[in-house]
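Visitor: Sequence:
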Amino acid sequence: MDPYFKSLAELLRLERQVDEEQYQKYILAAGVPQQREAGFAWYPIAIRSQDTGRGGYLSLEVERPSHQHIVHSLQNGRNAELFSNAEKETESVKGIIQHVHGDRLRITLYTDELPEWTRKGKLGIRALFDDDSYDAMEWALRKAGEPGFKHPLINILTGKEAPTFRSDIPKEPFPGLNASQNEAVARIESANELAIVHGPPGTGKTTTLVAAIQRLVTRTSMPILVVAPSNVAVDLLAERLSQSGLRVIRIGNPIRVSDELQSLTLDYRLSVHPNAKRIRELRKQASEFRNMAHRYKRNFGPAEREQRKALFAEAGRISYEIAHLEDFIIEDELHKAQVIAATPVGAFNQVLKDLSFDTLVIDEAGQALEPACWIPILKARKVVLAGDHLQLPPTVKSEEAARGGLTRTLMEKCVGYYPEATVLLEEQYRMNEKIMGFSSLQFYEGRLKAHSSVKDHRVYTQDAPLQFIDTAGCGFEEQPSDTSYVNPEEAAFLVRLLFEYLDGLKEAPAGSGDLSVGVISPYKYQVDLLKTLVISHPHYASWKNIMVHTIDGFQGQEKDILFIGMVRSNTEGKTGFLHEIRRMNVALTRARKKLVVIGDGATLSQQHFYDEFISYVREQGSYESAWEFAPF
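Under our numbering, think of the first position of the sequence shown as -19, with each following residue one higher.
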């Protein structure tokens, strides 16, 4: 096996091992309360509604009426199970989580009715381990690393050969795009093997990709394959591409696809195809023949046995005809598609087994695990990597695998190999320029500029868009909590300042308006505490749209007003988890109009990045001491 892919496969093996061990520890071996505390389960839950979902399966909407402060990992598209925790035994039925919103979620179960045991004991929802994804990634690495296996992208994506570009394609500006966005489209069009779109927060990466794909479909008779590491990201891009007028097919289990995009799935296309009525008739016939065959009991003679055999044979013949018709429809629909969208693992789907593509677009490539990317890459002759490798890396549970480089993405590697293939989108449309400024200097060589529509927007004219409030010397000390940290005094201080600010908006010249509000902490237990404090605040009822989450939970989000609590406060200057500055890049770029960072400057400034941040804030005249807000 090629050493490059052998090394990746070993890192993936380590990750799978740790992932399985954690599943065994928190799901199989631990009790339900421990599963709940670890974020793997909701328990107890109440069923609020049920109906027949996709494929005739049972769809439930459930709610967790208690323990709502606990941060959980039940996400859209995750394999899960409904279980009963009755006294004597535990029963369960598997399914897939369709949608999570607040303390409610919708799960589609692999059954058409609720089992009898659901009427006994309390019910819960529990996350399950996903073997299929690991199997697909391992297959791709084995295939790519086979001795003698040839593929046009392997040497380029592993840094052995430089990509090439055509010079005969005219640069035609795309209406509505800015200069760097048009440059990215031109780079994608001219690339023979690889183009990279580096899209910092708010710079219109999705808009750029949609424009580029619209151009690409005019140059090929084959569909473009588009993937992203999460179902949510795939759905977003598929929706935008469909709205632009392109014919999009969304590949994957329809249960994992958002309700809004069901019309793009193959299942939907099968249901509305001209041959769909014929298939329904054939299914009915096959069912009738099977029912007739099953009417024969065990004690029957040779004639009845032959009749039973003939009935099953006819049902089998009809089933073969149905499968042939469905294969024809699927091939027809894929042939007519201009874009096929999936997750990287979804590209392993059987319907794409024999397909190859001129161009593959990997969106959010800065968060995509490299082994997963090789699944669709092996189907393509050219790849476009789009994302921001200077924000959150992919989640890796194995510390050994992370140290070995599994968190280093293919995009990060290729940006380093080939700067000539990379275009940085330079104009952002989200943040006030003072909020943007520090990240621009630290991560993007000072090249970002704020569009005129957001350059100076703020909550109201006199309001400062950026503040750092230094808690040094206030006695707000961190406390270890399991493998996390919590800072109760800082949390109480933050929530007090948050609601004082929000209450003050009622007297502001522009009033409060329709503002979105967020609170971020890097640490899970601090988030739990902040949620409790925010929800229990007497003025919370006036601001129910406050989102409290970890930095990772805010990836892809943006808010008008954002408060960040840094938690760490110690005499040794230890910043621990905060040392991953890409994570802080995410946190510092979520706010549109108002960003307030609260932390111990004496502790934080021991790390160069935070010392630079505090200096930047001072230069903006936005530094304040928490003592100015005493009493605490």
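The hints are simulated quantities; they were obtained by calculation from the structure and are not laboratory data.
Yeah, the Cβ is synthetic: ideal placement off N, Cα and C, and Gly gets one too.
Be careful, since some hints might not be right.
Quick list of the computed label-pair ranges, beta carbon to beta carbon [as the list claims (entries may be wrong)]:
{"id": "1", "residue 1": "Y90", "residue 2": "F292", "range": "33 to 39 Å"}
{"id": "2", "residue 1": "R598", "residue 2": "D31", "range": "56 to 62 Å"}
{"id": "3", "residue 1": "M272", "residue 2": "L8", "range": "41 to 47 Å"}
{"id": "4", "residue 1": "G128", "residue 2": "N550", "range": "52 to 58 Å"}
{"id": "5", "residue 1": "G536", "residue 2": "L8", "range": "27 to 33 Å"}
{"id": "6", "residue 1": "G19", "residue 2": "E400", "range": "26 to 32 Å"}
{"id": "7", "residue 1": "E93", "residue 2": "N550", "range": "54 to 60 Å"}
{"id": "8", "residue 1": "R146", "residue 2": "E268", "range": "56 to 62 Å"}
{"id": "9", "residue 1": "Y90", "residue 2": "Y409", "range": "41 to 47 Å"}
{"id": "10", "residue 1": "K140", "residue 2": "N550", "range": "44 to 50 Å"}
{"id": "11", "residue 1": "R598", "residue 2": "G536", "range": "39 to 45 Å"}
{"id": "12", "residue 1": "A452", "residue 2": "E599", "range": "15 to 21 Å"}
{"id": "13", "residue 1": "G19", "residue 2": "A472", "range": "19 to 25 Å"}
Below, a list of computed lysine-lysine pairs in the DSS-like style, where the Cα atoms sit at most 30 Å apart [stated by the list, open to error]:
{"id": "14", "residue 1": "K393", "residue 2": "K123"}
{"id": "15", "residue 1": "K359", "residue 2": "K393"}
{"id": "16", "residue 1": "K151", "residue 2": "K123"}
{"id": "17", "residue 1": "K130", "residue 2": "K289"}
{"id": "18", "residue 1": "K257", "residue 2": "K151"}
Visitor: Going back to the hint list, which numbers does this structure go against?
Guide: 1, 6, 11, 16, 17 and 18
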